[in-house]
Amino acid sequence: MSNELKQYPMSNELKQYQGPVWNEPIIMEMGYPGRRGVLFAPAEPEVRRQVGDVSALIPSAMRRKDAPALPEMSEPEVLYHYLRLSQQTLGMMGISLFGTCTMKYNPQINEQMAWRPEITELHPLQHEDTMQGALEIVHNMDLILREMSGMDQFVFQAGGGSEAAYLNCAVTRAYHASKGELEQRDEIIVTIATHPCDPATAAAAGFKVITLMLDENGYPSLDALKAAVSNRTAAIMVNNPDDMGVYNPEIKEWVRIVHEAGGLAFYDAANFNATMSKLRARELGFDACMFMLHKTFGTPKTGVGGPATGAYGCSAELAPFLPSPLVVRDGDRYRLDADRPQSVGKIREFLGNVQVVLKAYAWTRSMGAEGISQASDISVLSNNYMEKGLLAIRGVTRSNPEATTPRMEMTRYSLQKMKEETGVGTHDVQNRMSDFGIDPFWTSHEPWLVPEPFTPEAGEMYGKEALDKWIAVISRISDEAYSNPELVKTSPHNQPVHRLKLGVIDDPSTRAMTWRSFVKQRAARA
Amino acid sequence: MKPAIAHPYMANSVPAIQQEMLDSIGVKTIDELFVQIPKDHRLTRPLDLPPALSERELRRHLVETLSKNSTTEDNLSFLGAGIWQHHVPAAVDEIVRRNEWLTSVYGEPSSDHGLYQTWFEFCSQLGELLNFDLVGMPVRSWGTAAGHALRMAARLTGRTEVVVVSAIDPERLSIIRNYCEPPQMADHITVRLINYNPATGLIDLEHLRATVSGQTAAVYFEVPSYLGLIDHQAAEIAAIARAAGAETIVGVDPISLGVLSAPSDYGADIVVGTIQPLGVHLHAGGGVGGFIATRDEPRYAGEYPTLFISIAETIKPGEYGFGRALLQQSSYDLRDKGKDWIGHSVYLWSIAATAYMAMMGPQGFAEIGEIILQRAHHAAHRLGELEGVRITFPSGFFKEFVVNFDDTGKSVAEINDALRAEGIFGGHDLSSDFPELGQSALYCVTEIHTQSDIERLVGALQKMIIL
Numbered sequence: 001m002s003n004e005l006k007q008y009p010m011s012n013e014l015k016q017y018q019g020p021v022w023n024e025p026i027i028m029e030m031g032y033p034g035r036r037g038v039l040f041a042p043a044e045p046e047v048r049r050q051v052g053d054v055s056a057l058i059p060s061a062m063r064r065k066d067a068p069a070l071p072e073m074s075e076p077e078v079l080y081h082y083l084r085l086s087q088q089t090l091g092m093m094g095i096s097l098f099g100t101c102t103m104k105y106n107p108q109i110n111e112q113m114a115w116r117p118e119i120t121e122l123h124p125l126q127h128e129d130t131m132q133g134a135l136e137i138v139h140n141m142d143l144i145l146r147e148m149s150g151m152d153q154f155v156f157q158a159g160g161g162s163e164a165a166y167l168n169c170a171v172t173r174a175y176h177a178s179k180g181e182l183e184q185r186d187e188i189i190v191t192i193a194t195h196p197c198d199p200a201t202a203a204a205a206g207f208k209v210i211t212l213m214l215d216e217n218g219y220p221s222l223d224a225l226k227a228a229v230s231n232r233t234a235a236i237m238v239n240n241p242d243d244m245g246v247y248n249p250e251i252k253e254w255v256r257i258v259h260e261a262g263g264l265a266f267y268d269a270a271n272f273n274a275t276m277s278k279l280r281a282r283e284l285g286f287d288a289c290m291f292m293l294h295k296t297f298g299t300p301k302t303g304v305g306g307p308a309t310g311a312y313g314c315s316a317e318l319a320p321f322l323p324s325p326l327v328v329r330d331g332d333r334y335r336l337d338a339d340r341p342q343s344v345g346k347i348r349e350f351l352g353n354v355q356v357v358l359k360a361y362a363w364t365r366s367m368g369a370e371g372i373s374q375a376s377d378i379s380v381l382s383n384n385y386m387e388k389g390l391l392a393i394r395g396v397t398r399s400n401p402e403a404t405t406p407r408m409e410m411t412r413y414s415l416q417k418m419k420e421e422t423g424v425g426t427h428d429v430q431n432r433m434s435d436f437g438i439d440p441f442w443t444s445h446e447p448w449l450v451p452e453p454f455t456p457e458a459g460e461m462y463g464k465e466a467l468d469k470w471i472a473v474i475s476r477i478s479d480e481a482y483s484n485p486e487l488v489k490t491s492p493h494n495q496p497v498h499r500l501k502l503g504v505i506d507d508p509s510t511r512a513m514t515w516r517s518f519v520k521q522r523a524a525r526a
Numbered sequence: 001m002k003p004a005i006a007h008p009y010m011a012n013s014v015p016a017i018q019q020e021m022l023d024s025i026g027v028k029t030i031d032e033l034f035v036q037i038p039k040d041h042r043l044t045r046p047l048d049l050p051p052a053l054s055e056r057e058l059r060r061h062l063v064e065t066l067s068k069n070s071t072t073e074d075n076l077s078f079l080g081a082g083i084w085q086h087h088v089p090a091a092v093d094e095i096v097r098r099n100e101w102l103t104s105v106y107g108e109p110s111s112d113h114g115l116y117q118t119w120f121e122f123c124s125q126l127g128e129l130l131n132f133d134l135v136g137m138p139v140r141s142w143g144t145a146a147g148h149a150l151r152m153a154a155r156l157t158g159r160t161e162v163v164v165v166s167a168i169d170p171e172r173l174s175i176i177r178n179y180c181e182p183p184q185m186a187d188h189i190t191v192r193l194i195n196y197n198p199a200t201g202l203i204d205l206e207h208l209r210a211t212v213s214g215q216t217a218a219v220y221f222e223v224p225s226y227l228g229l230i231d232h233q234a235a236e237i238a239a240i241a242r243a244a245g246a247e248t249i250v251g252v253d254p255i256s257l258g259v260l261s262a263p264s265d266y267g268a269d270i271v272v273g274t275i276q277p278l279g280v281h282l283h284a285g286g287g288v289g290g291f292i293a294t295r296d297e298p299r300y301a302g303e304y305p306t307l308f309i310s311i312a313e314t315i316k317p318g319e320y321g322f323g324r325a326l327l328q329q330s331s332y333d334l335r336d337k338g339k340d341w342i343g344h345s346v347y348l349w350s351i352a353a354t355a356y357m358a359m360m361g362p363q364g365f366a367e368i369g370e371i372i373l374q375r376a377h378h379a380a381h382r383l384g385e386l387e388g389v390r391i392t393f394p395s396g397f398f399k400e401f402v403v404n405f406d407d408t409g410k411s412v413a414e415i416n417d418a419l420r421a422e423g424i425f426g427g428h429d430l431s432s433d434f435p436e437l438g439q440s441a442l443y444c445v446t447e448i449h450t451q452s453d454i455e456r457l458v459g460a461l462q463k464m465i466i467l
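One line per chain: the protein sequences are A and B, in this order. Using our numbering, read the first sequence as starting at 1 and increasing by one per residue. Using our numbering, read the second sequence as starting at 1 and increasing by one per residue.
Chain A on its own, in the form it takes in the complex:
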């Protein structure tokens, strides 16, 4: 072991982790005919008498003939089944440094407040007089994000970052249509390091996508941008820093070039953790930006599945095109403004995930300006601290070796050397990590710009000891790869189930997305 590694001693704890093995059946195999999990009071006798034969209330052609083949279970059977499955989910109990997702602590007070009936039992179509508390919180969060970005108006209708990117494309369409230029401006420019949702939503919104490749500095050259920009440019959609931890220092010039050509500039602030309180999108010239409240603002990810919020902010010039309604303040009252003739309308029903906005608001109030600035400092400090330890591990190299300045809150590494020397690749290491009670790392968005990638993001939540343990696990797995590669390649070993057989998930004859499909498949094989 090298000297550098001695500061990351392997504790015996690494050997002791064992994931809970419940051998829990699929719920479709459980239950007993006649069991009930919930009962409902029947309608009162007078109601039943007045209404008469209930089946006559349904047109005969539309009556269900066969009961759905759902399990029949008691309440505790259902409860404990799902509690056992929750125990077989590592969540954030291990150490989750899942890069690009900005794993943060989800404060319990925020959950407690969001689950109060004043929010859970609020109907979005209630009269605004009865929703003043919720509207006040939405408005105050709007003000906070305006201060953090320099934008003039935020809206929370998008249920995630990708939907906010889509909203940006809808706003871009409406803006150019208002100038009579939409037919001409049918191109959106992204970089290969931009999150896939940006090109994907641009394409789904009807735009042609131009993707700029990176040069040796880690970002596309100005010449590449100039060659792509024309009077057909509707917008650019870029993140900065990117997932390699590289910041494009020419971004102001980029925005100027795009504006000069009549396009809009959208800042996908996916990696805002590194730059919050350090810079503001509007001051770099951007027309619009988005913040992921489920990442940077401490609200839960829920299995990368949401409910989440892509908070979308823009300049006063673009604000007329924002989806309706907007929450506006009139003196001491808040109201919903839906009288907005240039609005793109709706991209999702109602006001968005108000409970997520509430949690994000609570996070900003707990952190304050100093806390937020410190979180950014710590995330960058921790990443650079980890880099030293990780680069000392055999088989680990760093992306973009020419970019020598300290990376921001993330660094992308490669295990290509390890793969070549041992046959152990990044997916093998992911699986093996879970044997130590550590959440597998994130590899990379597609396409893989470096081979066998991995991307840890330390964030500000975990302590130095946790970071040291994480590094120690990678170090241990590296040792295993070079001494006993089969151990890694057949992992996990300490989890409820083993890895899937190679290829079964890609073969229509061996995959099944529902139980009924699986049963048919099994019968066909038998």
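Honestly, the hints are just simulated from the structure, not real lab data. Check the hints yourself; a few may be wrong.
[What the hints assert, rightly or not] Below, simulated PhoX-like cross-link-like pairs (lysine-lysine); rule was C-alpha separation at most 25 Å, straight line: (1) B:Lys28 with A:Lys278; (2) B:Lys316 with A:Lys520; (3) A:Lys278 with B:Lys39; (4) A:Lys65 with A:Lys520; (5) B:Lys316 with A:Lys464; (6) B:Lys316 with A:Lys501; (7) A:Lys388 with A:Lys464; (8) B:Lys316 with A:Lys489.
[As the list claims (entries may be wrong)] Listed below are several chain B residues computed to face chain A (Cβ distance under 7 Å; list not exhaustive): (9) Leu102; (10) Gly321; (11) His378; (12) Ile448.
For glycine and all other residues, C-beta sits at the position ideal for the given N, C-alpha and C.
With chain A fixed as given, assemble chain B onto it according to the hints.
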């Protein structure tokens, strides 16, 4: 500028730890690590945000702010129109609030086996309600599900028009129009609206026949419709679509499926809908969630924008695990060449829904369907007895129905203001979105509305009609 004391959410906010880490890296200050950002990009002042609060102060602030809300629990509510009050069993809330899945990323099947199994069970149970073998992981809402499904149909057929019922939630229609792109775009999909029969509220079949053509990629309708109606012509509508080579897309409220036919049984090719009624609270609108389901055929599977969870064999004989299937066609893998786009959705609500469906079982769905029908029809009957009040479409509805107040001489807004003063949220005002229906409101009655609740509404309305 650092806080004098460590912040409870940040273990490394202790200055001595930061110094240890700086020493390890070999730099003097954290600021040196930000050298990539040019000076003229940097904000030169601290953010001007409201002061930081301790947990106790935050709690007081939020409790005070939230107390300005008045909820469907404090009041008697008849609001629906896309998100509905149903009973959420306490066990569902306990399950859905577990920190393990609340906080996790999807990670890998290795570390999160329980989460993957839960997701698979959601798709499996919804598949039983729908009589469909292929169910994707949830999308963000009913409207977004409909938008994606219509785009799937356009890709499947290579056609550029879709036929959509006009008796639709205007919010959902607005989403669909966005998904179909403006006319200036090369891939624009034309949305043709189908009238409803003013006497029955059901789809005008003649208008449908005259509108569907060789250009039609899909016919989209809903059961129950936005106006609450169960269209008995569903099989005929599907047949008209099929004869033209178009896909039949049906939007459905799954809580009705204990008593109503699954759309697959009357000819639907693609089914979309909401999962909110399956154990999810209102959350001020944040409870919505959608799904897409079809037959398990390659032509459909190959067009989904969603994530799929598959059960499959592991390397240990006889053991089964789970994995993400068909990811290679998603925008995660293919970027702008993927099937629409994928991203954060409402997967937490799939956990609520799977627990809810398991607690309900076949009998629960049958009973709740019958109770809703009884209560809703009784409420309509009682309201229709009031002078000046008319039930616009008095039969063939599920849990929502249109109440017309034209003959009372009062507007829905006036009536709802007066009801609100009595602690009642009247039905959703339809007068601006459906002017042809006059002063009408969409009333929602579910299993939670008792006879005395209905009598309270009737009494309050009677009082204000007489005035």
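Problem - Structure versus earlier hints, numbers of those that do not hold, lowest first - result: As far as the earlier hints go, 5 and 12 are violated by this structure, in ascending order.
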